[in-house]
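**Student:** Assemble the whole structure, with the sequences as input and the hints as a guide.
For the sequence shown, position 100 (counting from the first letter as 1) is numbered 99 according to numbering that gives the first Met the number 0, and the numbering increases by one without interruption.
FYI, nobody ran anything at the bench for these hints, they're computed from the structure.
Any given hint could be a false lead.
In the EDC-like style, the derived pairs of lysine to aspartate or glutamate whose C-alpha atoms are separated by at most 20 Å in a straight line are [to be verified]:
| id | residue 1 | residue 2 |
| --- | --- | --- |
| 1 | K127 | E30 |
| 2 | K172 | E141 |
| 3 | K210 | E113 |
| 4 | K127 | E34 |
| 5 | K210 | E145 |
| 6 | K76 | D89 |
| 7 | K24 | E34 |
| 8 | K152 | E163 |
| 9 | K78 | D15 |
| 10 | K74 | E120 |
| 11 | K174 | E141 |
| 12 | K24 | D222 |
| 13 | K210 | D23 |
| 14 | K217 | E141 |
| 15 | K191 | D176 |
| 16 | K152 | E16 |
| 17 | K124 | E141 |
| 18 | K214 | E34 |
| 19 | K191 | E163 |
| 20 | K140 | D171 |
| 21 | K172 | E223 |
| 22 | K217 | E201 |
| 23 | K217 | E34 |
| 24 | K214 | D86 |
| 25 | K140 | D183 |
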Amino acid sequence: MYEIISKYYDMMYVNDESYRAEVDKVVSLVEQYKESKGNMLLDIACGTGAQAAYLQNYFTVTGIDISDEMLEVAKNKTKDAIFINADMCDFNLNNQYDVIVNLYGSIGHAESLEHMQMAMECVFKHLKQGGIFILTPWSTKESFNESLVGRTKTFELSGFCRMETVRRVSVDKIKVDFHHLISDNLEVTYYKHESFVTLFSESEYESSIQKAGLKIIKRLQPDEFRMGAFVCTV
Numbered sequence: 000m001y002e003i004i005s006k007y008y009d010m011m012y013v014n015d016e017s018y019r020a021e022v023d024k025v026v027s028l029v030e031q032y033k034e035s036k037g038n039m040l041l042d043i044a045c046g047t048g049a050q051a052a053y054l055q056n057y058f059t060v061t062g063i064d065i066s067d068e069m070l071e072v073a074k075n076k077t078k079d080a081i082f083i084n085a086d087m088c089d090f091n092l093n094n095q096y097d098v099i100v101n102l103y104g105s106i107g108h109a110e111s112l113e114h115m116q117m118a119m120e121c122v123f124k125h126l127k128q129g130g131i132f133i134l135t136p137w138s139t140k141e142s143f144n145e146s147l148v149g150r151t152k153t154f155e156l157s158g159f160c161r162m163e164t165v166r167r168v169s170v171d172k173i174k175v176d177f178h179h180l181i182s183d184n185l186e187v188t189y190y191k192h193e194s195f196v197t198l199f200s201e202s203e204y205e206s207s208i209q210k211a212g213l214k215i216i217k218r219l220q221p222d223e224f225r226m227g228a229f230v231c232t233v
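**Tutor:** Next up, the structure:
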């Protein structure tokens with residue numbers, strides 16, 4: 000799907016104001032809680048680099064993602080960040096970082112609790128003593144609500160219309176159906192794609208974080224941080 004709609008991806012899914020505000024909150028949390036002395040940040044599941052584009056103004060950024068196509072877009076947005084193809088549940092960069100972030104609910108793409116645990120153990124291995132880890136959950140089993148989301152924009156003879164249905168299909172799985180109408184010079188094409196996201200409970204997040212050896216400093220709610228966040232250290 001991404002290769003097909005890449006021309007319009009950021010316009011459909013990236014809201015610069017929201018990402019800028021999110022990074023401002025990351026910076027504030029780092030200033031408040033980080034005790035390590037360096038300035039190296041690892042952006043896990045960085046996607047097209049929407050956060051990295053702002054994070055690079057404050058940190059030396061390395062981003063990892065499993066999609067080469069998204070990493071190519073991310074490279075064009077940043078001057079100095081390094082991007083690496085890697086699986087958030089199984090990576091070894093032979094380095095440690097002062098700040099690690101896993102934002103915008105990307106952890107929901109861990110297929111099971113076992114995979115989420117593996118991801119947390121990777122974080123522990125890569126986080127410096129006194130460093131800060133910020134994790135945004137993709138909702139929780141307790142708080143999830145089904146929804147319909149969309150956005151439309153036209154310009155001259157081109158444009159897009161996107162709509163997603165987000166529904167629960169089991170206790171711990173969400174199905175997202177993506178519908179895209181893409182117009183290029185008055186030629187309209189319809190694309191459909193589905194994706195599954197894993198729901199974890201509040202206690203499963205807490206347990207996985209703590210089993211990995213991380214300590215939860217603060218639990219932020221969605222009105223305090225986009226989609227909420229666990230702020231952790233080691």
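**Student:** Does the structure keep K76 and D89 at a Cα separation of 20 Å or less?
**Tutor:** violated (26 Å)
**Student:** With the threshold set at 20 Å, check whether the alpha-carbon distance from K152 to E163 stays at or below it.
**Tutor:** Holds: K152 and E163 sit about 16 Å apart, inside 20 Å.
**Student:** Given the hint that K191 pairs with D176, does the C-alpha gap stay at or below 20 Å?
**Tutor:** The given pair, whose Cα atoms are some 7 Å apart, holds under the 20 Å limit.
**Student:** Between K217 and E34, does the CA-CA distance stay at or below 20 Å?
**Tutor:** holds (15 Å)
**Student:** For a C-alpha distance cap of 20 Å, please report whether K152 and E16 respect it.
**Tutor:** Distance of about 17 Å is within 20 Å: holds.
**Student:** Under the criterion that the straight-line Cα-Cα distance not exceed 20 Å, is the pair K74, E120 satisfied?
**Tutor:** Given pair K74, E120 is violated - Cα atoms ~27 Å apart, limit 20 Å.
**Student:** CA of K191 to CA of E163, is that 20 Å or under?
**Tutor:** holds (10 Å)
**Student:** Straight-line Cα separation of K124 and E141 no greater than 20 Å?
**Tutor:** violated (30 Å)
**Student:** So if I understand the rule, the pair passes when the alpha-carbon distance is 20 Å or less; does K24 with D222 pass?
**Tutor:** holds (12 Å)
**Student:** Need the status of pair K217, E201: alpha-carbon distance at most 20 Å?
**Tutor:** holds (13 Å)
**Student:** Take a quick look at whether K214 and E34 sit within 20 Å of each other, Cα to Cα.
**Tutor:** holds (14 Å)
**Student:** Quick one, are K24 and E34 close enough, alpha carbons at most 20 Å?
**Tutor:** Cα-Cα ~17 Å, so holds.
The structure shown violates the earlier hints numbered 5, 6, 10, 13, 17, 21, 24, 25.
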